[in-house]
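**Student:** Protein chains in written order, with the numbering used here: chain A, 1 to 260; chain B, 1 to 260; chain C, 1 to 260.
A couple of the hints might just be wrong.
Identical copies carry no separate label here, and so any pair may be met within one copy or between two of them.
[Said to hold, decoys possible] Capping the alpha-carbon separation at 25 Å, the derived lysine-lysine pairs in DSS-like fashion look like this: (1) 132 to 10; (2) 153 to 77; (3) 77 to 132; (4) 11 to 132.
Derived from the structure by calculation, the hints contain no laboratory data. Remember, predicted model here, so these are calculated numbers, not experimental data.
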Amino acid sequence: MSIADLIREKKPLVHHITNYVTVNDCANTTLAIGALPVMAHSPDEVEDMVSLAQALVLNIGTLDNSQVAVMIKAGQKANSLGIPVVLDPVGAGATPYRTRTAETILNEVTVAAIKGNQGEISVLAGAGGEVKGVESVGQYGDIEESARRLALKQGCLVVVTGVEDIVTDGTRLARIANGHPAMGRVVGTGCMGASVLGGFLAVGTEQWEAAVEAMVFYGVAGELAAELTQSPAAFKIAFLDSLAGLTGDGAARRRRVTTR
Amino acid sequence: MSIADLIREKKPLVHHITNYVTVNDCANTTLAIGALPVMAHSPDEVEDMVSLAQALVLNIGTLDNSQVAVMIKAGQKANSLGIPVVLDPVGAGATPYRTRTAETILNEVTVAAIKGNQGEISVLAGAGGEVKGVESVGQYGDIEESARRLALKQGCLVVVTGVEDIVTDGTRLARIANGHPAMGRVVGTGCMGASVLGGFLAVGTEQWEAAVEAMVFYGVAGELAAELTQSPAAFKIAFLDSLAGLTGDGAARRRRVTTR
Amino acid sequence: MSIADLIREKKPLVHHITNYVTVNDCANTTLAIGALPVMAHSPDEVEDMVSLAQALVLNIGTLDNSQVAVMIKAGQKANSLGIPVVLDPVGAGATPYRTRTAETILNEVTVAAIKGNQGEISVLAGAGGEVKGVESVGQYGDIEESARRLALKQGCLVVVTGVEDIVTDGTRLARIANGHPAMGRVVGTGCMGASVLGGFLAVGTEQWEAAVEAMVFYGVAGELAAELTQSPAAFKIAFLDSLAGLTGDGAARRRRVTTR
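Excised from the complex, chain A in its bound form (with noise of 0.2 Å):
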């Protein structure tokens, strides 16, 4: 069974520590793919949430830090349970503080998975970088290399959303060339591809092959929905319910990924 179809079995409780942006389309989206949302940042509650949970995501938008401090509360349970945590470090590298917290949460949490756009992965990767607020902005020639550097420091999988999505654990690389650019018109389709992650890494055997499949499951849900329409707010209607109906099968049949 494909990794998407077993999420739509088994229902994986997702427990996000993310932003006020987003949440309402990262909690859709968790729904859609056929996982659980739960949003809990109280530290009288994060480490029974997320004991009932099967993966963590946590991400840094509107970060605080009484927010952090849950996040590593909530990170350091489920790493002594084995629940996989995924980190987007939303505009590290706009200010110093998400810099420096996106670097303390790496350092208190063994993470899954790091999700972010090119600017956030090179900040990270130490090879300097430009966020515009929470937007990549710049070239980065060497993002491959910085991604595995990346990965190779955090022993976890590094995946960088952009024209191309790139996974990778420091060895293996793949290039995923599903996505469509109206996804970069609508607010959120980063947060809500950490949902996504989190929802492949919660049922799949292999973290690699998971991260892969989520990256192609969330572009070919992109592509569908840029087929119906382009419009931001009408392709966001249109991609949350691209990501409802789309099947591990529908998925498979428009997966473009290179390895190197």
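Please arrange chains B and C on chain A, whose structure you already have, making use of the hints.
**Tutor:** Only chains B and C this time, still in chain A's reference frame:
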């Protein structure tokens, strides 16, 4: 005049202290039924804001201690003014903190209605139950009995959402067959139902009848939307617009209620 | 080049410190007009983030003391760098806390524009007013005079939204007849207007003209969307897409402004 039509005439203010996941949907739902939403959580203003309101909706979907303290403050002010309070104990049963918090609020505030899914209501009734994140799992053969018991214990209405909704005051019990499974595939339809309940309780002269008509209205809007589309994101749009367009007469024509 | 087109060329970063009800709509609105949104509220980064921005939007829709302190910190940094600040005093007049907070921000931060509904502006102008939650109620025959007075007192632009919008610097006054009543049936159209205003002020060389063109652009987008649908949830989608598709020329063709 039906309660639904009365809401559009009186435009009651429904003060919400609620979660950040579905808060926008709750606000748009409130506006769609003809009431006015306001969200305010500062201890420096909740008492003033609730004094302007005709109903208060408390939802613990993303609770923390400071929010709970404010809920109690606002709830007690509402009590002193005779303003009906709706509690949506989201995720009670999932973590001890959520269960305990729901119980604390019920001890400190006299609520007009508790609205939850089968798992949440069963847990609060002391009958056990399983809640996965914020989703009810399992079968609850004795849910009517649990709802009645909780209603009698708290001296309030209990509304249980599910394939059929239940409204009981401990003595009377109505089963409402309106609604559609598509409602369960969108994040927030539970929370949005509490906003509708708040609007109906705000203007209804008889709380039992108001709660029953609220759930009928809400369910009929879901049925009408599902005739247009069942893709979840498009359904949510259709559902909100169905709520906005539905009249008291329109709801009455499709009303399916049995009492026992 | 029109200001609208200039936004799409320059992609200014618009930093928001705003409420959690409509924050996603504000972000998508900002992106739709061609600017880049960022939301950041931690005292550890707001000064750094605003330093990267070309405009700052402060919205007190769900204020509390820690958020207000951060707004002032960010606002003062923006002042020191010459970055225009927009204040949306949501609900001023509804509770003493909101009125007082809006006044405090105006005392501590030099704002480029205050944007509110008739009740909010009238209250801040010292002319009294009634605000039910966040909605203006009542008639304001002297709203032009109130707007002028507030503009002169604060030395800033005042933008009043309503059936016709008003923009004044205390001397010049424009009435903008663009817009559609459907905009009032969606939660967040006030807040979204502040984001548009922020984007226009960010790139406009003349602030008065930028504010007028912002409200024309916003109103025309609403008119075009209302030609497609007036059901509120579908309208919101159409409205966002109308904002995304509208050009400076397109807005100019439907411009209806009278100055006095």
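**Student:** So, for every hint listed, does it hold in this structure?
**Tutor:** A quick look at each hint next to the structure:
no., hint, result
1, 132 to 10, "between (39 Å within a copy, 12 Å between copies)"
2, 153 to 77, "within (22 Å within a copy, 37 Å between copies)"
3, 77 to 132, "between (33 Å within a copy, 18 Å between copies)"
4, 11 to 132, "between (36 Å within a copy, 10 Å between copies)"
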